[in-house]
Structure formats: C-alpha cells, structure tokens
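**Q** Here is what each chain is made of, one letter per residue.
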Amino acid sequence: MTEHVRAVHPEPNMVQLLTPEGQRVEHPDYPLDITDDEIAALYRDLVLVRRIDSEAIALQRQGELGLWASLLGQEAAQIGSGRALKRHDMAFPTYREHGVAWCRDVDALTLLGLYRGTNLGGWDPLANNFNLYTIVIGAQTLHATGYAMGVVRDGAVGTGDPERDTAVLAFFGDGASSQGDVNEAFVWAGAGNLPIVFFCQNNQWAISEPVERQSRVPLFQRAAGFGFPGVRVDGNDVLACLAVTRKHLDNARNAQGPSLIEAFTYRMNPHTTNDDPRRYRALSEAETWKLKDPIERVRAYLTREARVEPEFFAAVEAESLEMAEYVRAGCRAIPDPTPESVFDNVYVDLPDELREQREEFASFVKSVSA
Amino acid sequence: MTEHVRAVHPEPNMVQLLTPEGQRVEHPDYPLDITDDEIAALYRDLVLVRRIDSEAIALQRQGELGLWASLLGQEAAQIGSGRALKRHDMAFPTYREHGVAWCRDVDALTLLGLYRGTNLGGWDPLANNFNLYTIVIGAQTLHATGYAMGVVRDGAVGTGDPERDTAVLAFFGDGASSQGDVNEAFVWAGAGNLPIVFFCQNNQWAISEPVERQSRVPLFQRAAGFGFPGVRVDGNDVLACLAVTRKHLDNARNAQGPSLIEAFTYRMNPHTTNDDPRRYRALSEAETWKLKDPIERVRAYLTREARVEPEFFAAVEAESLEMAEYVRAGCRAIPDPTPESVFDNVYVDLPDELREQREEFASFVKSVSA
Amino acid sequence: MSDISSANPAVSSAPLGGPVTMARALNEGLRQAMEDDPKVVIMGEDVGRLGGVFRITDGLQKDFGEDRVIDTPLAESAIIGTAVGLALRGYRPVCEIQFDGFVFPGFDQIVSQVAKIHNRAAGLVRMPITIRIPFGGGIGAIEHHSESPETYFAHTPGLRVVSCSSPSDAYWMIQEAIASDDPVVFFEPKRQYHAAKLPIEPAGTPLDQARVVRPGRDVTVVAYGPTVATALTAAETLKVDGVEAEVIDLRSMSPLDMPTLLDSVRRTGRMVIVHEAPQSFGIGSEIAARVTEQAFYSLEAPVLRVTGFDTPYPPSRLEHDWLPNLDRLLDAVDRIMEF
Amino acid sequence: MSDISSANPAVSSAPLGGPVTMARALNEGLRQAMEDDPKVVIMGEDVGRLGGVFRITDGLQKDFGEDRVIDTPLAESAIIGTAVGLALRGYRPVCEIQFDGFVFPGFDQIVSQVAKIHNRAAGLVRMPITIRIPFGGGIGAIEHHSESPETYFAHTPGLRVVSCSSPSDAYWMIQEAIASDDPVVFFEPKRQYHAAKLPIEPAGTPLDQARVVRPGRDVTVVAYGPTVATALTAAETLKVDGVEAEVIDLRSMSPLDMPTLLDSVRRTGRMVIVHEAPQSFGIGSEIAARVTEQAFYSLEAPVLRVTGFDTPYPPSRLEHDWLPNLDRLLDAVDRIMEF
Ligand SMILES: Cc1ncc(C[n+]2csc(CCOP(=O)(O)OP(=O)(O)O)c2C)c(N)n1
Ligand SMILES: Cc1ncc(C[n+]2csc(CCOP(=O)(O)OP(=O)(O)O)c2C)c(N)n1
Ligand SMILES: [Mg+2]
Ligand SMILES: [Mg+2]
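Chains as they are written, first to last, in the numbering used here: chain A, 447 to 816; chain B, 447 to 816; chain C, 5 to 343; chain D, 5 to 343.
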C-alpha cells in the first residue's frame with residue numbers, strides 16, 4: 447500500500463491552552479478561569495468515556511453489539527465542548543459523541559441500545575437536552591438550526607438572564623462539511639443570526655477519505671463566507687475545547703450569532719468496528735497522534751503542575767473499573783424488544799390499517815411459535 | 447405596504463470598467479484590451495437581447511407564451527460573461543440567461559419553446575456548448591462541476607493549447623446561493639481544483655426575497671472558505687463583466703482552479719410574467735437602478751468617447767426591429783407537438799410496457815377524434 | 005380571536021359567511037390554526053411579504069409577524085430540516101413547498117427524519133409538521149410545476165398523506181393536519197385554487213377518512229385532489245347513459261380508508277381509480293391490489309386505472325392530452341362496464 | 005485487456021474460471037466494463053483506496069487510477085449531480101451509494117435530472133449513468149443501512165430499476181447496466197454479497213427480462229434481490245407437501261416483464277409476491293394490479309404480498325421477524341392455495 451503521508455502539524459493559529467506535554471499556556475482571546483479540581487474532574491470524564499468506549503469495542507467483538515463507532519482520540523473535543531454546555535442548552539450529536547452524551551447524563555447502557563440493535567435511540571432527547579444520534583451525515587445540523595430558531599422565538603437569547611439565554615451546539619465531522627445540509631445550516635444560521643455553535647470534529651478522516659478530499663483550506667475558514675466567525679482549536683486539548691466552546695456558546699446566548707469551531711483531532715481507531723484502516727492509512731500517522739493524547743497531557747499537568755496525589759488517579763481508575771463492569775454486565779442484560787413493538791410509535795395515533803397488520807402479525811407469531 | 451428600503455450602493459471593491467455615465471475606468475487586476483468596434487458589437491448584443499426579452503413579454507401577454515422570465519437589467523452581466531466564453535467552453539444556465547443563449551448562438555425562437563410549452567428545452571446542449579435551461583434552483587451548478595471533472599479527465603486544461611484548454615461557466619442567482627447543491631458544487635470545485643467559474647447574478651431578489659434573506663455578507667465572499675477566489679463585479683457594466691469573466695475563465699483553463707464571480711445587478715422586471723413585485727418591493731428601488739442601466743452607459747461611451755456615428759445606432763435599431771418581427775411571427779408559427787410524442791425520448795430504448803401505453807393512447811386519440 | 009375582517013381585504017369575511025375559493029379557504033384555515041395555537045409557524049419561500057406565489061398565506065405575515073410567518077432562504081432541505089428542529093423545540097411548523105417538483109431537495113429530511121423521528125425516539129418526541137405542496141397539472145406551467153409526487157410519500161411509513169378537493173375540505177383539513185401530532189404531507193390541487201367558490205361546511209371530516217361525494221350503484225370511481233372534479237363530471241355524463249357512478253374522494257392516500265372503499269366496491273362490483281401521477285407504482289396500484297385482495301369475490305371486473313402516463317410530465321401544450329381527462333375516464337368506465 | 009491476475013489477489017482468477025461470490029462477481033463485472041470502455045468512471049464515497057465499504061470496487065483504483073475510480077467528497081447530491089455533468093461530457097459514470105438509506109440526499113438529482121434530461125433534451129443527450137445501491141436488511145446494521153427504496157425509483161419515469169440475485173446475474177447485469185444508454189438504478193442485495201460461491205453463466209439475460217428460476221405449476225412466487233433465495237427455499241419446502249411453486253426472479257422492477265409474469269400466472273392461477281420494502285405502494289402493489297387487470301379470469305385467488313411492514317425498518321434485533329421470512333412466505337402460500 448502506498449502510504450498516505452500528510453502533515454499533521456496544527457495551524458499556527460490553532461487555540462491551545464494545554465500543550466501535549468501538559469503545560470498550561472494562555473491564549474489572548476480565550477482566557478480560561480479554571481481550578482485544578484475542575485481540571486481533575488475533566489480528567490475523570492476523559493478516562494471514564496474512554497473506558498466506556500473500549501468496553502463497547504470489546505462487547506462488539508463478543509457479539510453483544512452489532513457495531514460501535516469509537517471516540518478514541520476525540521475525548522477532549524467531546525468533553526471540552528460537552529462541559530461547556532449549560533443544562534438548558536441543547537446539543538445535536540452525530541453517532542460518535544459518546545463523550546458529549548456522558549456530559550449530558552445519558553447513561554452508558556442507554557447509549558448502547560442503538561449499537562446493540564435493541565432500539566433506534568434510547569434516551570429522551572428533551573429530558574437530556576441531547577438529541578438522539580443522527581446517522582444521516584449532516585442532517586442534524588439543520589435540526590439544530592431549527593431548534594435555534596425556536597430559541598429565538600421563545601425570547602431565550604440576549605435577555606441577560608443566564609437561566610434563560612440558551613445556545614445550541616451542533617456536532618458534525620470533517621466529512622460532513624461537504625454535505626449540502628451542513629452548508630444550508632450555515633446559510634440559515636448566518637442570515638438569521640441564530641444562537642448556534644457548529645462544532646466540527648476534524649478527526650482527519652471520513653472513513654477512508656482524508657480531509658483533503660473535502661477541502662483544500664482549513665475547515666474553520668468556511669464560516670467567514672457565511673458571515674460568522676470560525677476558529678480552530680486543538681481538539682486534543684480539553685481546556686482549549688472547553689474555553690473556546692464556552693466563549694462561543696456565550697456569544698450565541700448573548701445574541702451575537704453563530705460560530706464555527708473546528709476541533710483539530712484524530713480518529714485513533716477504525717471508523718467503526720467494521721472498518722479496516724490498514725487499507726487506507728499509515729500506522730505511523732496514529733503513532734504521531736499518540737504523542738498528542740488528550741488524556742496524557744491532562745494527567746501530566748495534574749501530576750506535575752497541580753501536584754495531584756496518586757490516590758486521585760487510583761480512585762479514577764477504580765471508578766473506571768466499576769464502569770467497565772457495569773457496562774459489561776448491563777449490556778448483556780438489555781432485553782430484546784418484542785416483535786410486535788415494531789408497530790409502536792410509527793404514528794402517534796395508530797391508523798387502522800397498521801393496527802390490522804399488527805394483529806395479523808401477532809397471530810402469525812403466535813401460530814408459528816405454537 | 448412598508449417599503450423595503452436598502453442601500454444599493456456597490457461595495458467599494460466592486461470591479462468597474464465603465465461608469466454609469468459611460469466613462470472608461472481602469473482596474474489594476476482586470477485590464478481590458480478592447481477596441482471601440484468590439485464595444486459597439488457588445489452594444490448591439492445588449493440591444494438585441496433586450497429586444498428579444500421585451501418581445502417575449504409581449505407574446506406572453508398575448509397568450510403566445512405560458513410564462514417568461516425577463517432578463518431586463520441583467521443584459522450586461524449576461525453578454526459580458528457570455529462573450530468571455532470560447533466556442534469550446536461549456537456554459538450551464540438557469541432559466542433567465544437569454545443573453546448568454548444569444549452569445550451561444552441559440553436562435554431566439556428556439557429559446558421560446560420551453561416558455562411556450564412546446565418543448566422542455568429545445569436546443570442541442572452539446573452543439574451549442576450551452577446546457578439546457580435548468581429550473582430546479584442550483585442543480586445545474588453540480589452538472590457544470592461534473593462537466594469540469596470530465597474536462598480534466600480529457601486532459602483539456604493547462605496544456606497551453608488555446609484550442610484545447612477548456613473552462614466551464616456555471617450560472618446561478620443570489621437566491622440559489624442558499625441551496626445545498628450550489629455549496630456542494632463549491633466543495634467539489636475547490637477540493638478538485640476544477641476548471642470552473644461560478645457566475646452568480648446577484649440581482650438583489652429571489653422572487654420576493656431580498657438577498658439579505660440569503661446572506662448577511664456579500665456573496666462573493668463565500669468562495670474563500672471553499673478555497674478559491676471570489677470577486678464582485680459591477681453587473682451592469684458589460685466591460686467589467688467581460689474582463690473579469692475572461693480572466694477567471696483563463697485561470698480555469700490554465701489549471702489554476704475555480705473562482706466565483708458575483709455580478710452585482712438588478713432584476714428590473716417582475717420575477718416572471720406571473721409575479722407582482724409591487725407586493726414586496728419599492729418602485730423607487732428600480733428607479734435608482736435605472737440610472738445604472740447597462741445599455742445606456744455603453745451608448746454614452748460610444749457616443750461621447752468613441753464618437754460612433756448615429757448611423758450605427760440606427761442600424762442596430764433597425765436590426766432590433768427586424769428581430770422583433772422575426773420573434774413575433776416565428777413564435778406564433780411554432781407548431782404544437784403531437785400528443786403521442788409524450789412517449790418519445792423517455793428512454794433511449796422504449797420499453798415494451800411504454801410502447802403499449804403509447805399504442806393504447808394513439809388508438810384512444812384516434813377513437814375520440816373520430 | 006383577533007379581528008380579521010379589517011386587516012386584509014382579501015380575507016375580509018368569516019369562512020362560514022359565504023362561498024369562498026379553495027385558496028381563500030386554505031388561507032382562512034391557516035389563519036385559524038395560527039390563532040388557535042401560538043406555536044404554529046409558517047415557513048417557506050416567499051410565504052411572507054408576497055403571501056406565497058399562490059397567495060395562500062396572503063396577509064398572514066402582516067397579521068402574525070415575521071417570527072411566525074417566515075420567509076426562508078431558498079433551500080428546501082433546510083426548510084424541512086429546520087422544521088424538525090422547531091418541532092423539537094415545541095413548535096408546530098407548516099412548511100410550504102413552492103411547487104410539487106421542488107420537494108425533492110427536501111426529500112431526505114422528509115423520508116429519513118420527519119417520518120422516522122417519532123419512531124426513532126420510541127415516541128418520546130413528536131413531529132407535528134405539516135408540509136403543504138401545491139400539486140398537479142393543468143395550469144400551463146413549465147417543467148417541475150405540474151407534478152404529482154404523492155406516492156413517494158404514501159410509500160413512506162410514518163407520514164400521513166392527504167389531499168383536499170373542495171374549499172370546505174381545504175379549510176378543515178389544513179387545520180386538522182396542523183393539529184395532528186403526526187407529520188402530514190398536504191397536497192393542494194393548485195388547479196382548483198380558484199376554480200369555484202363554495203360554502204364551508206359547519207364541520208370537517210376526520211383526516212383519514214374517504215368520502216362518498218356522489219352515491220351510485222354501478223361503478224365506483226375513486227379520485228383525490230384535482231381528479232375529483234373530473235370524476236364528478238364523468239358521473240354526470242354517465243348518468244345520461246344510465247350508468248350510476250359512485251364517486252369517492254379518497255382524501256387520505258396514507259392511510260387508506262379501506263372500509264369506505266370496500267363497502268362501495270362490494271356494492272358496485274367495479275372500480276376505476278383516477279389520478280394524475282404516473283400509473284406504475286402509483287396510488288392506484290395499491291388501491292387495486294388491496295381491493296382485489298379484500299373483495300376478490302365481489303369484483304365483476306379488474307380494477308382499472310386512469311392516470312398520467314409513465315413519462316415525465318409533458319410540455320404544457322400537451323398536458324391536457326396527457327392528463328387523465330374526462331374522455332379517458334369515460335372510456336375506462338365504458339370498458340369496465342363491458343367486462 | 006490488462007493482466008488482472010497478478011495485480012490483486014482478491015481478483016486473481018477469471019470470472020468464468022470458477023464459482024465466485026456476488027461481491028466478487030460485481031467486482032469483476034465492473035472491471036470488465038472499465039476495460040471495455042475507457043469512458044466508464046466509478047465514483048462514490050470510499051470506493052477508491054478502501055474499495056468501498058463492501059469491497060465491491062476493491063483493487064479498481066489501483067488498476068485504473070484515481071481519475072477513473074474517484075473517492076468523492078461526502079455528498080450524495082453532488083455524486084449524482086456531477087455524474088450528470090460527466091455524462092454530458094461523454095463519460096459513463098457508475099455511482100456508488102454507500103447504503104440504501106443514503107440515496108435520499110441525492111434523490112432530487114436522480115428524479116428531476118438523471119431521469120428527465122434525455123427527455124428534456126428531446127433525445128439529444130443521453131444519461132448513461134448507473135447508480136449502484138447495496139440494499140435490503142438482514143445484516144444486523146443500524147438505522148438507514150437496511151432499507152429497500154426501489155419503489156421510489158420504479159415510480160419515476162425515465163429510470164430503469166433492476167436487482168440481481170445471483171453472482172452470474174450480478175456479473176452480467178452490472179455490465180449491461182453500464183452499457184445501457186438509459187440511467188439504471190442497480191440494487192445489490194447486500195446480504196447476498198458473500199452468501200455463496202456460484203459459477204458465472206457464459207452469457208447474461210437481457211436487463212429488462214424476468215426469469216423463471218424454478219418451474220412449477222401450482223403457484224407463482226415472484227421475488228427479486230434478497231428474497232429470491234427465500235422464495236427458492238420456500239419452493240423446496242413446499243415440494244415436500246406436494247405444492248410445486250414456480251419462482252420468478254423479477255430482475256427488473258421497471259420496466260416490468262409482464263409477458264413472463266402473465267405466462268406463469270395463467271398456468272398457476274395464483275401469485276405471491278415477496279419483497280422487503282414496506283407493503284403499501286410497493287413493487288408488489290403494481291404487479292398485483294397489473295396481473296389482476298391482465299389475467300383477471302385466470303386468477304384462482306387474489307395476488308398476495310409478503311413484505312416488510314408499513315413501519316420504519318426496525319432495530320436489528322427485530323429484523324428477522326420484520327423481514328418477509330420463510331415462515332411468512334409459506335404461510336401466504338398456504339393461504340393462497342386454500343382460496
Ligand atoms: C448521507 C450519508 N452518506 C453516507 C453515510 C455513510 N457514512 C457514515 S460515517 C461516514 C463518514 C463520516 O465522516 P465524518 O463526517 O468525518 O465523521 P467521522 O466518522 O469521522 O466522525 C460515512 C460516509 C452516512 N451515514 N450518511
Ligand atoms: C429547488 C427550487 N425551489 C424553488 C423554486 C421556485 N423558484 C423559481 S425561481 C426562484 C427564485 C430564484 O432566485 P435567484 O436564485 O436569485 O434567481 P433569479 O430568479 O433572481 O434570477 C424560486 C424560489 C425552484 N425553481 N427550484
Ligand atoms: Mg471525520
Ligand atoms: Mg436573484
């Protein structure tokens with residue numbers, strides 16, 4: 447295989463607040479007021495979502511899940527942006543935002559249903575203020591845009607009341623940036639000055655296609671032509687992702703309109719458990735990115751700068767083991783839905799013709815199993 | 447009605463080579479080497495396409511056409527860009543590019559068929575190197591992009607051979623800029639460095655919607671985020687439109703990739719003959735734009751600067767009258783197609799089932815008329 | 005209820021005050037829905053200041069404001085996609101697609117999102133979205149302005165697909181569609197917008213019910229939208245020859261009101277379906293299949309279909325030949341009576 | 005013809021050299037088409053270096069270059085829309101849609117452009133575009149990866165819609181589709197990609213013909229794509245009970261090969277259609293309607309349909325209940341035999 451060789455150096459203007467070596471740095475536009483305890487909490491988030499992810503991969507291998515889309519390498523982008531949300535903000539994920547789901551209090555087991563094939567979603571998007579996973583690439587960016595239109599109509603932007611002013615956070619990938627829907631979302635958000643932050647995790651790959659297939663200029667630059675700011679952030683730096691997302695969500699809540707954040711990161715694992723990246727990318731690429739690991743740098747900071755005790759790390763590790771156990775045992779226990787349930791919730795009011803199909807099916811199922 | 451009041455002043459950086467008063471000015475990036483005879487020829491183009499347009503409107507009023515989409519006010523944008531094309535370049539119009547059609551040698555009567563309802567197109571797109579009118583907004587920009595991909599595969603860019611190197615010109619409107627298809631075309635053109643020039647006639651309106659509904663920044667700025675240059679040109683200045691389009695087509699032919707040209711102009715007439723603009727825009731707007739008339743300024747230049755004789759104008763006027771007569775008489779003479787022809791060209795090879803439908807229909811038509 | 009009589013001369017009398025066109029009935033129905041529920045918003049291209057290219061939303065932006073009657077950017081996928089988001093936020097969007105042929109850029113959002121989200125969410129969210137589509141031919145328009153894409157939606161589980169054929173139905177059905185917690189694709193026969201002024205009935209018929217608009221005993225003619233008028237004219241003509249046609253206005257293409265259809269065909273033994281969409285894989289095929297399955301022994305003849313041909317919609321000079329016109333319908337009834 | 009035996013181990017033996025899987029047959033068919041005509045280009049998401057998520061285009065980019073096997077940006081409307089432009093420039097594009105549920109963003113370009121341009125241009129241009137769509141369920145996938153959207157295309161005049169059910173048909177049909185001057189939507193039953201290795205016949209059957217894949221006298225079972233295997237299994241089972249089922253592989257959904265269908269049903273008097281798409285307004289409805297119309301007096305029973313239900317495709321744990329499986333098909337044959 448000809449190796450696909452590319453520069454992975456970030457742009458010089460990428461926002462970074464924590465170097466890969468774990469050193470705190472400042473950025474003039476994105477100051478971050480954060481305690482070491484808060485950073486430790488982020489560390490815990492990062493570790494736990496990585497654990498959920500690796501357990502899910504194992505469960506898929508054991509046949510307990512049909513598929514899994516791993517977030518490995520993207521934990522900082524997801525935890526940073528997810529923790530920037532307020533409870534009453536609304537987030538619209540793709541199918542890979544397990545870290546954001548975690549921040550939105552979606553139970554780890556609930557997250558598995560879709561990939562196990564026991565349901566098509568699983569949580570209550572409005573209770574969690576976290577939309578269901580959307581698989582059609584880019585479609586959710588329009589849903590987010592429409593939700594933001596509703597926020598404006600509800601008078602929930604720019605009032606100055608922090609409990610009221612609401613922002614919307616829309617996730618999508620580098621590949622998705624090519625979809626018409628995503629660009630239409632930009633059109634609407636720009637023209638309507640909507641309270642929305644578009645959060646693009648540029649993990650360098652859309653399955654087998656490198657980001658250069660989608661654009662020859664950095665993706666964050668797309669925003670300007672639609673009339674709103676774009677910024678690139680080190681997507682492996684949880685502090686930078688937090689600070690940048692927080693600021694732009696604030697702008698949105700304050701009626702200053704939309705923004706685009708490009709989190710420059712890397713998909714360390716295959717696209718999904720079905721994928722074989724050896725066919726299309728060099729292993730050396732992942733090796734390079736390993737040096738920028740989103741968790742290692744926080745651990746380094748906590749150890750060296752914040753002088754966090756080893757007990758803390760041990761406690762997180764223990765919690766992580768518990769989580770693993772919870773996911774493993776819980777996943778196997780998720781019951782299959784009943785066959786007749788395929789007729790549920792197709793309509794709010796089941797039409798007669800569908801009721802008949804259900805009844806016929808039920809009696810058929812009975813006759814076969816009898 | 448509350449008047450919709452907007453600034454119609456062009457951006458300071460709009461390329462202009464001929465002022466509304468008819469004065470030649472220079473632009474450092476877009477020098478234009480043109481003789482007065484050539485300018486006179488452009489004048490003739492402008493006058494004749496305006497004539498075709500006004501005759502078509504009259505024919506619509508008389509019931510000879512079902513509809514007409516007038517180009518009034520946009521003659522310079524269309525003649526300027528159309529005359530920048532080489533014979534072997536390919537152009538993709540919307541439904542309003544009658545001026546470009548003229549430059550591509552589409553007979554005025556051929557142009558009427560679609561609006562008369564006798565056909566769905568009328569000319570041979572490949573003979574004229576002018577695609578059929580496309581009515582679904584924005585769809586043709588992708589066709590143009592694909593055609594440009596073909597040009598590249600044919601090795602017909604960047605060879606230095608002027609008879610070989612080929613560019614593609616894709617037209618669309620300000621409203622169309624919001625469509626997913628148009629933005630996907632930008633993605634592909636940018637990522638693929640394709641030999642295509644996107645020519646947006648920003649005539650300030652998409653039916654009743656002012657361009658501010660589509661974007662809060664000038665449309666030409668959209669291009670940069672896709673990785674290629676954008677430029678705004680005075681769309682009522684035929685010389686500027688010619689120079690700018692010529693240069694960007696040249697860039698495309700020389701393998702320098704795509705560009706976006708925004709021709710800043712005005713739709714002087716209703717959207718189509720079905721439309722009533724009094725419902726949504728102030729008459730005063732058109733009054734202001736009248737001062738920037740694309741024909742008047744050329745006439746002023748020819749009279750005052752080039753000192754063209756009155757005979758020239760008289761000859762053009764006579765030709766225009768002839769054209770009017772040709773269109774009027776010819777349109778009425780366009781025959782209706784036969785009913786059975788609805789089955790023609792649905793497939794290259796007519797399937798049996800459709801052959802049966804045609805036969806049944808033919809014998810039914812016979813039985814009814816018998 | 006706000007005073008609607010003074011604001012706009014086009015909508016100056018109450019809906020029940022006298023006969024109105026279908027266009028006017030829809031306008032009044034939309035107005036009523038907006039008054040009844042502040043969460044109803046109208047969105048689409050040119051629906052605001054212009055009142056829509058057919059003026060169906062005439063005066064509504066003026067009276068309800070730009071926040072509730074939204075002139076959108078020109079992008080159908082976004083019109084539907086943002087409606088999904090508005091619905092998630094508790095709104096009840098009514099999307100206008102300007103012409104039938106322009107619904108396709110929004111097709112993905114309709115089929116993969118609007119139709120499925122309630123199901124995906126196990127019922128935890130609802131998609132009370134109404135998608136209005138002026139449809140059908142006969143108005144001398146150019147390409148993409150005369151199509152009948154209803155089957156694409158009827159084949160999509162999760163959607164309700166309806167069409168009105170009279171001002172009264174238009175008035176009531178649009179309100180029912182908006183009030184429905186299921187997404188509804190609402191087909192308006194544009195050719196009928198100004199065809200006749202008729203009174204509004206005091207109450208509507210449930211959205212998923214067909215209606216016998218003319219009783220008869222010899223043959224059942226099933227129509228919807230623009231073809232109901234053709235069917236009724238045919239019935240009048242047939243009467244002269246002693247054939248009593250029962251005309252059913254389908255009203256709902258999905259779900260289908262099988263009881264009404266079966267009851268009729270069991271009496272008449274014969275059924276002709278008439279629609280403008282191409283014949284193959286059209287609404288008529290499903291009706292024919294189901295009726296044959298469920299009333300096999302009642303049928304004196306196979307169900308016949310009088311429809312658009314399996315070709316693209318033709319140039320307008322040919323549309324009256326192409327459309328299922330009176331002659332073609334009468335011919336089919338002749339054939340079925342001879343079976 | 006270039007030497008294909010050494011370049012890629014996955015395609016190391018000639019197609020006629022021995023039994024192959026459907027995936028491999030498609031790969032060989034594509035390779036052959038590319039060798040036969042330099043204007044054939046393949047485009048889609050991940051079709052190049054990866055060889056497609058199902059590896060159908062495996063090795064083709066390597067052998068034919070990036071100019072002919074194009075990894076496109078992630079945008080289905082553009083995949084189809086640029087194929088139109090390539091076709092105008094004289095190319096013969098083969099577009100891959102990654103999964104059935106992702107064809108909808110490209111639906112507008114297919115329905116309003118690909119299907120219509122030859123007609124719009126009065127025959128002066130052709131649209132020899134092939135749109136490959138892996139379709140159907142049964143592979144334990146997540147939402148949008150198991151759908152059967154063929155009816156949307158069959159209802160669209162101007163398109164040919166076909167599906168293969170065996171390696172040999174896959175090999176020949178993909179080449180015929182690419183050679184066709186009409187646009188073809190080519191449905192590949194993804195569940196069968198690796199189901200069995202079978203030999204490639206020395207010649208193919210014309211693209212628009214159905215084929216009797218198992219003769220029988222008692223009942224006609226019509227299937228296509230993934231359900232042909234189900235139908236054949238059912239026929240074996242029925243044989244034990246003395247019922248001789250004739251199985252027809254439809255192959256072409258549009259146009260329909262009525263002579264073959266009618267010939268069979270006139271002999272058997274009974275027909276059951278089986279497909280995965282939702283029942284209502286599906287392929288089965290048109291077949292039922294036409295067969296009933298054209299063979300009314302031959303039918304001993306109404307045409308029955310065994311199909312997906314009128315619901316969204318279910319979560320994968322339920323798909324084998326939802327799909328038209330062997331039990332449901334046998335049940336329908338029982339019912340039709342008792343009529
Ligand atoms: C409309 C559509 N087309 C194709 C797919 C198949 N698909 C799933 S993920 C994917 C790549 C997405 O890449 P990107 O947006 O970068 O997100 P990532 O997977 O890297 O997080 C593709 C092509 C899809 N889900 N939806
Ligand atoms: C997909 C689609 N949606 C809607 C329409 C109806 N329509 C025709 S022209 C038009 C406005 C186009 O505006 P613009 O792009 O600015 O072009 P202009 O008419 O001003 O030349 C609309 C909405 C259409 N033709 N296609
Ligand atoms: Mg990616
Ligand atoms: Mg415009």
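In short, the hints are calculated from the structure, not lab data.
The beta carbon of each residue, even a glycine, is placed where N, CA and C say it ideally should be.
Take these hints with a grain of salt, some might be off.
[Said to hold, decoys possible] Dumping the calculated EDC-like pairs for lysine to aspartate or glutamate here, alpha-carbon to alpha-carbon at most 16 Å: (1) A/K812 to D/D331; (2) C/K243 to C/D222; (3) C/K43 to A/D600; (4) B/K812 to C/D335; (5) B/K812 to C/D331; (6) D/K43 to B/D600; (7) A/K812 to D/D335.
[To be verified] FRET-style restraints, in silico, Cβ to Cβ: (8) A/P675 to B/S730: 32 to 42 Å; (9) B/Q508 to A/E802: 52 to 62 Å; (10) D/Q213 to A/P675: 56 to 66 Å; (11) B/H534 to A/D696: 33 to 43 Å; (12) A/V471 to B/S730: 54 to 64 Å; (13) A/R662 to B/E472: 28 to 38 Å; (14) D/I143 to C/A183: 58 to 68 Å; (15) A/S813 to C/A200: 45 to 55 Å; (16) B/T734 to A/P675: 26 to 36 Å; (17) D/Q213 to A/E802: 29 to 39 Å; (18) C/A200 to A/D607: 49 to 59 Å; (19) B/N459 to A/R662: 21 to 31 Å; (20) C/E342 to B/E805: 17 to 27 Å.
**Q** Output the numbers, in ascending order, of every earlier hint that fails for this structure.
**A** 11 and 14
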